[in-house]
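Visitor: Chain by chain, the residues:
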Amino acid sequence: MTQETTAIDIDWTACQAHGLCAELLPEHIALDEWGYPLVDGTPIPTRTVKRARRAAADCPVLALKLTTR
Amino acid sequence: MTTTYADVLMPPRLLAPGGAPADFSTHEQRYGPVSYGDPAQLLETVAQSGLTGRGGAAFATYRKLVSVADAGRRTGRAPVVVANGAEGEPASRKDKTLLHLSPHLVLDGLQLAAEAVGAGEAYLAVEAGGSYLEAALAERRRDPLSVKVVRVPRRFLSGQSSALTSYVSGGPALPQYQRPPVRERGVHRAPTLVQNVETLAHLALIARYGADWFRAAGTPSEPGSALCTVHVPGREVRVVEAPFGMRLGRLLPLGPTGAVLIGGYHGTWIPAAEAAQLPLTTAYLGAGVLASLPADHCGLAETARVLRYLALQSAGQCGPCLNGLPRIATAFQTLATPGPQGTTRTDIARWSGLVEGRGACHHPDGTTRLVRSALTTFTTELDAHAAGFCTATVRTPLLPVPDDRS
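Protein chains in written order, with the working numbering: chain A, 1 to 69; chain L, 1 to 406.
For reference, chain L alone in the conformation it holds in the complex (with noise of 0.2 Å):
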């Protein structure tokens, strides 16, 4: 079970006080209602909340939504909005917390985000608890659109937007070919936005407290704050509030040696020490997770076992990332594993050439960013296991990875 100590770090936002999920009589008392009938304010104040998707790539909240809501005006089609919660990242438990915990919040940033872009239809796509999300619904007389869940395959791609799309059209859960992107062509067709449910949250609040509310927390080029799945051995997994430009050492415990992995799978390695003193940033969020290695684990054998899940999980549609993925898995295997190595350093890093920005998504593009940060942060072990020897001592598995028939 995951805990949260959202009062740590500042005054809890999103996260419900005392970990308790609040019902919608709880949720209005808590917020305040939310107030409907004004989308060019509304689309204003979020431009000046600068407000950016949580999802993992930082997008421009605002601009999302302008987009979407031009591409229904030019081709006559009311635009959908598909909330997305389905947090494929096995290390990620951000959105699922926050369904729980305050699924009102999130129903009320879609209804606004439905408003926003003049859209005609609106779903919720969860992997799990879609039942109790539906009781949530249930609870709400006043929603302007009627929301249904969907719950998509429990695989690492099925939140990306365009299968997500594809799913929700009644179509497999796998990326497709983005030309139209999805916000010009979506679910059946039609401009869609999708937004990860966290981003709906924070939107639910900007619209009943304003931009300068939002902004009161974060720093000027990155305002407000986001949640995040802190991962430290020996304790239990955390989902923690944290304002944009907090250094990451009041996170987490970051000791002179180890290392953390820093946005999720497709995220980066940083030695721990580097690490404390970096500022949360959009840069390397991702998708929120904050993991500390200590000196005693082997960094190479973590990620050996991450890149056989990633590989696993390759929609297997696109020839790059179908050929190179378990190739660079399998050769990431041999470096985990003390002896020679032989050409594989060289062959590691062709492959990673090969699959970057040849898919219809980025899965291969993540996997790169991975590996890449792996061998810069890892120098010191992968000379030792060149040398026929791993400084590692302890071996139990640390990030979790989904058995393989998942």
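The shape of chain A in the complex, shown without the other chains (with noise of 0.2 Å):
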């Protein structure tokens, strides 16, 4: 068995820039310089999944995906 790794995925047509993300996962997104998520795209590790769950749904514009390979 191959262990499953989570990676966070914006989709870029709904994201309005809220910002919620960058304050619940700061070790993982930052702001560009117009508030946009800047994804340091390495696999969010397994004591960090479940915040990263309740960013993606915390997400006004539902934004924020994770998703699993």
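Calculated from the structure, these hints are not laboratory results.
Hints should not be assumed to be uniformly reliable.
[Unchecked claim] Chain L is nowhere near these chain A residues, computed Cβ spacing over 10 Å in every case: (1) Glu27; (2) Pro43; (3) Lys50; (4) Arg53; (5) Arg54; (6) Pro60.
[Said to hold, decoys possible] DEER-style ranges, computed between Cβ atoms: (7) Gly245/L to Leu31/A: 44 to 54 Å; (8) Ala283/L to Thr6/A: 27 to 37 Å; (9) Ala7/A to Asp347/L: 26 to 36 Å; (10) Ala17/A to Asp383/L: 32 to 42 Å.
[What the hints assert, rightly or not] Chain L side only, calculated, beta carbon under 8 Å to chain A, not exhaustive: (11) Gly249; (12) Arg250; (13) Pro253; (14) Gly319; (15) Asn323; (16) Leu354.
Where is the CB? At the ideal position from N, CA and C, for every residue including glycine.
From these two lone chains plus the hints, build me the complex, please.
Guide: Below, the structure is given as structure tokens:
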């Protein structure tokens, strides 16, 4: 069995730069000069997955997606 | 009007000799009938041919066909096939020319692709010339699947595959978030094959004459030929058919100075002397545009005009593209004007990094490719502008840019 890895994906057509994701997941997401998320692209460690799910659920426009592969 | 000199570089494959449109009976006399009924054999032949997509991405056609067919089986939904003749690239005319001269090759290819993936619906998407193609469709009485012509808005991004499937489904002609991808969920949420019309025309010939025939042109790693739209100042725009591997210097006159834009407005500027020795390859062929820029024209001014157009053509849906492209375009206009540049070059580099890979489609990525190649190819001109003068003597704009209202 290979370990499933969780990563962050942004639906750019939905994102409106609310910036909540950067507050909830500061170690993975920063904001650019216009307020849009800059995702570091590294896999989310198991201990952070729960918080990442919350960040995805809390995005006001549900633009933050978690992908597993 | 576009002229074609298909016979100059190779025996014509896709473009009818003599430049006269082929009706269905002329088409059948010329190429013979196409036979349906063995999709497995067809897929095998396409795999051996090494055909790749001619819409810009050069993805292996066989792999695309198989993934759509698989998605159809997995989801239990009959796939949809869309022939993409939208050609929103202002400098490209090859798809329009092909659809005008050889509509039935494209329509044969559309039927074959539909058979290969087990499609239940087929569409042909174009910007213009819809009635002409409907008349061509009416000539064909033995087609297994009926084809609907869809007229898409004249915009740069209308031909982007997710924009196209959205529009065919009754939505806006704008790029969509692509998870799952179009090949799994496209038109009416069914697995969808979006294939450029030139690719389909090649497919129609491969089905008739086989993989070896197709591979007789081109190189072992990049077999076959491609249609190119060639822009040379002072001459009519030409659509030519050329084999992969042919030196670009044979396709258009490239002197010791000046530059050439390869691939279109998402493409790459290359110094003419260097480009003359390069082979025609999918690595930068893009939409098939080759435009030469003599040294007496300003490459920075040309790029600035194109960037302004590209920024206006942003769908405005994705924040980085919406914010970044107009800033890049405005800053580039500063570089195109002789005078102090301040921090403009570093601003452009930073914004380019911020828009790249951060959108639903590749519009920002293609735009920054053009920006970066311009900054590399026109360094001498950049320094001249910084010093307050321009070496260009001719100010007439060369690259076609539609007016702002479109």
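Visitor: Just pull the numbers of the violated hints for me, sorted ascending.
Guide: 11, 12 and 13
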